[in-house]
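Protein chains: 2
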Amino acid sequence: MIFHYPNGKVYHKSQVNASTQLQKANTFANRGMKFEEAINESNRYYLNHDIAVIHKKPTPVQIVQVDYPRRSAAVIKEAYFKEASTTDYNGVYRGYYLDFEAKVTQNKTSFPLKNFHQHQIDHMKNCLKQNGLCFVLLYFSSLKRCFYLDSASLIDFWENPEKKSIRLDELEQLAIEIQLGIAPRVPYLIAVDQFITNKGDTTHG
Amino acid sequence: MIFHYPNGKVYHKSQVNASTQLQKANTFANRGMKFEEAINESNRYYLNHDIAVIHKKPTPVQIVQVDYPRRSAAVIKEAYFKEASTTDYNGVYRGYYLDFEAKVTQNKTSFPLKNFHQHQIDHMKNCLKQNGLCFVLLYFSSLKRCFYLDSASLIDFWENPEKKSIRLDELEQLAIEIQLGIAPRVPYLIAVDQFITNKGDTTHG
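In order, the protein sequences belong to chains A and B. Per full-length UniProt numbering, the very first residue in the first sequence carries number 1; after that it's consecutive. Per full-length UniProt numbering, the very first residue in the second sequence carries number 1; after that it's consecutive.
Treat the hints loosely; a few may be bogus.
All copies of an identical chain are treated as equivalent in the list; a pair is satisfied when it fits inside any one copy or across any two copies.
[Stated by the list, open to error] In the EDC-like style, the derived pairs of lysine to aspartate or glutamate whose C-alpha atoms are separated by at most 16 Å in a straight line are:
no.	residue 1	residue 2
1	Lys125	Asp50
2	Lys144	Glu37
3	Lys129	Asp50
Don't read these hints as lab results, they were simulated from the structure.
Modelling step: build the complete structure from the supplied sequences, incorporating the hints.
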């Protein structure tokens with residue numbers, strides 16, 4: 001039997017599948033973008049309330065050609081994405097240097113380590129050598145649960161050849177869970193405070 | 001009398017002037033780029049020697065259109081420069097959050113304050129509230145002299161309606177002069193150390 005849409009068009013199963021695939025792709029990108037947006041919003045909250053100064057680093061691009069139209073803004077006509085050499089976020093909070101990456105997974109029971117890249121790990125190691133406060137924010141989008149994991153612990157997992165992911169129960173043990181909210185949406189500085197207290201660090205302002 | 005080049009072309013005075021103007025424009029850009037290059041090189045030195053982790057922030061761009069040629073890297077075909085909301089450089093050193101701008105002048109007796117922009121001043125104020133270590137590196141290219149001026153002092157000058165520039169003798173008083181060298185080319189962390197010592201700050205690692 002041939003089905004028709006109300007507008008008379010014929011229903012093709014393949015079209016629906018293509019549309020679903022596009023939705024799925026958008027959802028994967030969206031999932032990451034939504035968490036990033038929530039963090040950016042939280043950073044704006046922290047900045048506006050004089051709590052911390054934390055920004056996402058701009059995507060590095062190699063600019064090859066710029067046009068200068070008369071009476072208009074310059075237009076970049078050719079550029080390429082460069083590979084970042086650092087993590088995405090950094091800033092200052094109570095005299096501490098803060099540095100972190102934000103990652104999302106759809107998984108329900110573990111966080112895949114392949115979400116991370118060697119250059120991010122190397123950068124975190126370098127910052128730890130300088131006594132920077134480095135961590136990752138891990139978001140389980142299906143569970144709507146968010147964890148703060150300090151970089152030293154992340155690096156332990158990363159360098160363990162037997163580990164391909166961090167289990168949820170391991171995070172419940174080793175990480176600090178963050179209650180998502182409204183203002184700010186991702187109150188990760190509460191976890192930072194807890195980490196500082198646990199470390200017993202009284203040297204900063 | 002009509003002069004000819006060895007190749008037979010006629011000498012036109014206007015052409016020489018245009019070439020000189022182009023050279024001048026390139027020199028202005030070059031002057032800033034050369035100092036920036038020297039700082040970037042110094043940051044690489046500091047990173048490679050496990051002394052500090054300091055990077056220049058990428059220029060923020062608004063990406064509008066990206067092409068994905070088969071079997072080639074993605075090409076950004078349309079993008080616009082965004083206004084930065086922070087300073088150019090930041091990072092971590094001995095547990096301190098470092099944040100700075102680098103500026104150049106051809107002047108010989110004073111540094112114009114119009115080299116700075118309100119968003120940079122605002123950013124520095126915000127970082128100072130969080131006990132970050134903020135400063136500017138001022139380079140007098142004609143004199144080949146470089147100064148570290150802490151942001152609190154810079155902001156005092158900026159907010160003084162009678163000041164359009166900072167005099168060289170004022171910098172010799174209030175700033176820390178940096179001896180340019182080879183490895184690294186701009187050893188600004190020596191000035192940072194001196195500033196920390198002068199401040200009598202024993203709270204950081």
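Structure-based check of each hint:
Only between protomers do Lys125 and Asp50 lie at most 16 Å apart by alpha-carbon distance; the minimum there is 10 Å, versus 29 Å within a single protomer. For a Cα distance limit of 16 Å, the shortest separation of Lys144 from Glu37 inside one copy, 15 Å, qualifies, whereas the shortest one across copies, 45 Å, does not. In this assembly of identical chains, Lys129 and Asp50 lie within 16 Å of each other by CA distance solely across copies; the values are 8 Å between and 28 Å within a copy.
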